[in-house]
Amino acid sequence: MNGQYASLLIAIPLISAFFVPVIKAASKKAVMPFLVLVTAAQTAAAAWVFNEVYTTGKPIIVMAGAWRPPVGINLYIGHFAALFVFIVAAVSFLLSIYNFKTIKIEPIDKYAMLFLLLMLGATGMIATGDIFNLFVFMEITSITAYALTAYNKTGEAAEASMKYMILGGIGSSFFLIGIAIVYGSLGTLNMAQIAQLAGSMNATAAQAGLALLIFGLAVEAELFPLNAWAPDAYQAAPHPVTVMFSAFVVKAGLYAAARLLYIMQSVGSWHSVLKLVVIMATLTVLVAEFSALRQRNVKRMIAYSSISQVGFIALALALGTQAGVDAGVFHMVNHAIVKALLFIAVGYVAVELGGAEMENFRGLGRRMPITAFSITIGSLAVIGIPMFNVFWSKLRIILATVDVGYTWAAALVLIASVVEAVYYLRLLHVIWFEGSGERITESAALGAIMLLLVALVIVIGVYPDYVWNLAQKAGADIFNVAQYIKNVPLMGVGA
Amino acid sequence: MVSILKRSLAIITILIIGYWLAVAMSHVPFGQDKMLVGQYYLNHVKDQTGAINAVTAIVVNYRGFDTLGEVTVLFIASTGVGALLWKRKRERTARVPGSVVLTTGTRFLFPFIVLFGAYIFIHGHLTPGGGFPGGATIATGFLLLYMAFTVYEIPHKGFEVTEGLVGMSYVAVGLIGLLIGSYFLYDWIWQTWHVGTVGKLFSGGFIPIIYILIGLKVGTELSGIIDNMLKEGVSGND
Amino acid sequence: MIEISAYYFGAIALIMIGLYAVLVKKNLLKMLVGLSIMETGVNLLLISIGYINGKSAPILSEGIGPKQAVDPIPQALVLTAIVIGVATTAMALSAAIILYEKYGTLNIEEIRRLRG
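Order-wise, the sequence lines are chains A, B and C.
At position 331 of the first sequence the residue is numbered 330 (numbering that gives the first Met the number 0), and the sequence of numbers has no breaks.
At position 117 of the second sequence the residue is numbered 116 (numbering that gives the first Met the number 0), and the sequence of numbers has no breaks.
At position 48 of the third sequence the residue is numbered 47 (numbering that gives the first Met the number 0), and the sequence of numbers has no breaks.
Keep in mind that the hints were calculated from the coordinates and are not lab data.
Treat the hints with caution; some may be incorrect.
As the list claims (entries may be wrong) - With a cut-off of at most 30 angstroms between alpha-carbon atoms, the simulated DSSO-like pairs for lysine-lysine come out as follows: (1) C/Lys-66 <-> B/Lys-199; (2) B/Lys-88 <-> A/Lys-103; (3) A/Lys-28 <-> A/Lys-103; (4) A/Lys-162 <-> A/Lys-152; (5) B/Lys-88 <-> A/Lys-162; (6) C/Lys-66 <-> B/Lys-230; (7) A/Lys-485 <-> A/Lys-472; (8) A/Lys-162 <-> B/Lys-199; (9) B/Lys-230 <-> C/Lys-25; (10) B/Lys-5 <-> C/Lys-25; (11) B/Lys-199 <-> A/Lys-28.
Stated by the list, open to error - Selected chain B positions facing chain C (Cβ under 7 angstroms, derived; list incomplete): (12) Arg-6; (13) Gly-17; (14) Leu-20; (15) Ser-25; (16) Asp-65; (17) Gly-104; (18) Thr-191; (19) Trp-192; (20) His-193.
If you're wondering where the values come from, they're calculated on a predicted model, not measured in any experiment.
Note that CB positions come from ideal geometry on N, CA and C, so glycine has one too.
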């Protein structure tokens, strides 16, 4: 099949989302099964793209409207994008099943549309090769996220969403100013061409432009000064949406930030921007871990933990070395699996026992053994116990950090990891050694999903090589900008 | 006290950011020709797209992906507003009917407003405007109806289904391009047949078609948002 | 001192005024107005980047050839950015409606206090 059919990754969720009102007019009951169908189709398309990219070793360049870049917008589905588009689709597929159990609040048809469009936005952010198109997809993602955050229509949810909107609005304005500076200096919006020409930019303008772009994305990527919205939003959003935030919306933001960071690497002031991101990332880890310690609500606690892991990834991506980027991508994959597992399990507990407060988890080991087992494995993995997947990526991140000479950052991050162990062990203590209650029958479908993710955690933990290989290829895709430029068939324009 | 401190802190932050931006912008020359891709568009827009308005050619044709995203954003807004303000039963609560001038004026003007909106989006490839302003114009017509008549409501079901179908048609136009020209959003009308003369109404490839779709979509969506915001939940049914 | 065009200066000033409102105001609606002002400033900035001295709008009718028109790209971008701004504002307003229904006020400090 022609590589251009990869544009179906955008077309399928979009046309399906537009189809939902029509389905609803026919039968409201059909909406949720339709969601399963669409996400399955999307997963199949993504699997095909993944297979295509990894067997040929060449990225797929989708050229919209047959215009060659930089005249038209191109999607660049390289090793990284292929891997993550697949993760986005697969997680969405699992969540479309999870939706049946967790989404009871009306209007479900609107929820289904927003769900599909959030998936679309993250896919587009990962796949696009044009800086303004990245902005459009970023807005698709964030506006959907605003709506979904407030979907429960409680006061807390509306407030969280409002906070998110205000930070997001400032962020997107900054991002646009960044685009204005880059476009004003170079006259192009295509990322490959920007990478090609970046060296000719005035150093001051380039520094400001890049910093503004990174700041704009930092809202989505949950980096320190701009992540105040995240804990509230994670807590207030419907459970499947929280999983989506943690598993791939953040990743899309992080990837976009890393991509922009590396394509601009030939500008004179590049290292100062890198250092800024390293500091932001370290602060993200520290602040989030210490805030997590104080939480009484488990969902919020895991939200903080997720933010701190995101800080880890950002740190690795901003090191400016191949080893760092590879480790960061590896951690992204692991984090997506583990946090999807934890949030699914915690959300399930909250649905069954009426809340995610610490008290609800007392005696969970006896009441919902499969869920409790999943939470246990997930928590042990996040702490970084050997033989689980996160151990390997955390180790590689810390080694890469020390390698570059940021020993202080590595030390601070290690301290934060100890803090993390404290609150996760406290949770496990509550689950297994306190309280008791009668047994609740757990849903077979959800049990299967959780056990599948648990199996992934353990398998990657024992045999990390396969995924590490993928991560290395994906990391090279981000890091090796010369190859990126060569892969995009730029046509000569102007002089 | 606290508020003065906060204010002055904010002002200092803003001055620093503003100065920083100004320094950065001073390295981007104003009013000089620094076009690279832009000049390519201007040179080739007529023979490659059949439109004379370069901006709409870029929006719909060269950078069609952006516009697809833009339509999606508006769709999200209308869906999101509908989701957030959803109530089991909602009614209009306006009590004061419009004055004679308003009601008569609305009756008289409404068809012309819709006609003008349609004119704007049909001529998008020739004159400034296009689907978004055209759709917004149509929505103002519905806003007038809402202001003038206390009981008026748009036909919800019809509007929602139109919204969905029109959006699907847009993606379908893109997919037809994928089938015919093997590229998504390929301008199959202009590139294969070169229909019409440049500068006349019947030209511009798929730009007028897409702009008609966008105009309908924007019109229905904005009217839907107005409707959602103007109605309130009937008490007791929260 | 730095030299900067009046258009850039005006745009940056608008952005900063908007940012000030977002940072300082306590009423949610005023904060949202601030956000809109910021967006307007950014759009102006984009448009003024595309301007070229002495050239005309990029509609290639009589007398205006490819050499007499300003850069069309920023105008296309602004068209998109405006729509996105409208969408954000609509979402924010509906969240504000919910907040007002739940708390009876739009003052963020009051809301924080009521939530406890």
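Evaluated hints:
| no. | hint | result |
| --- | --- | --- |
| 1 | C/Lys-66 <-> B/Lys-199 | holds, 22 angstroms |
| 2 | B/Lys-88 <-> A/Lys-103 | holds, 18 angstroms |
| 3 | A/Lys-28 <-> A/Lys-103 | holds, 13 angstroms |
| 4 | A/Lys-162 <-> A/Lys-152 | holds, 15 angstroms |
| 5 | B/Lys-88 <-> A/Lys-162 | holds, 29 angstroms |
| 6 | C/Lys-66 <-> B/Lys-230 | violated, 52 angstroms |
| 7 | A/Lys-485 <-> A/Lys-472 | holds, 16 angstroms |
| 8 | A/Lys-162 <-> B/Lys-199 | violated, 49 angstroms |
| 9 | B/Lys-230 <-> C/Lys-25 | holds, 27 angstroms |
| 10 | B/Lys-5 <-> C/Lys-25 | holds, 12 angstroms |
| 11 | B/Lys-199 <-> A/Lys-28 | violated, 48 angstroms |
| 12 | Arg-6 | holds, 6 angstroms |
| 13 | Gly-17 | holds, 5 angstroms |
| 14 | Leu-20 | holds, 5 angstroms |
| 15 | Ser-25 | holds, 5 angstroms |
| 16 | Asp-65 | holds, 5 angstroms |
| 17 | Gly-104 | violated, 26 angstroms |
| 18 | Thr-191 | violated, 23 angstroms |
| 19 | Trp-192 | violated, 22 angstroms |
| 20 | His-193 | violated, 17 angstroms |
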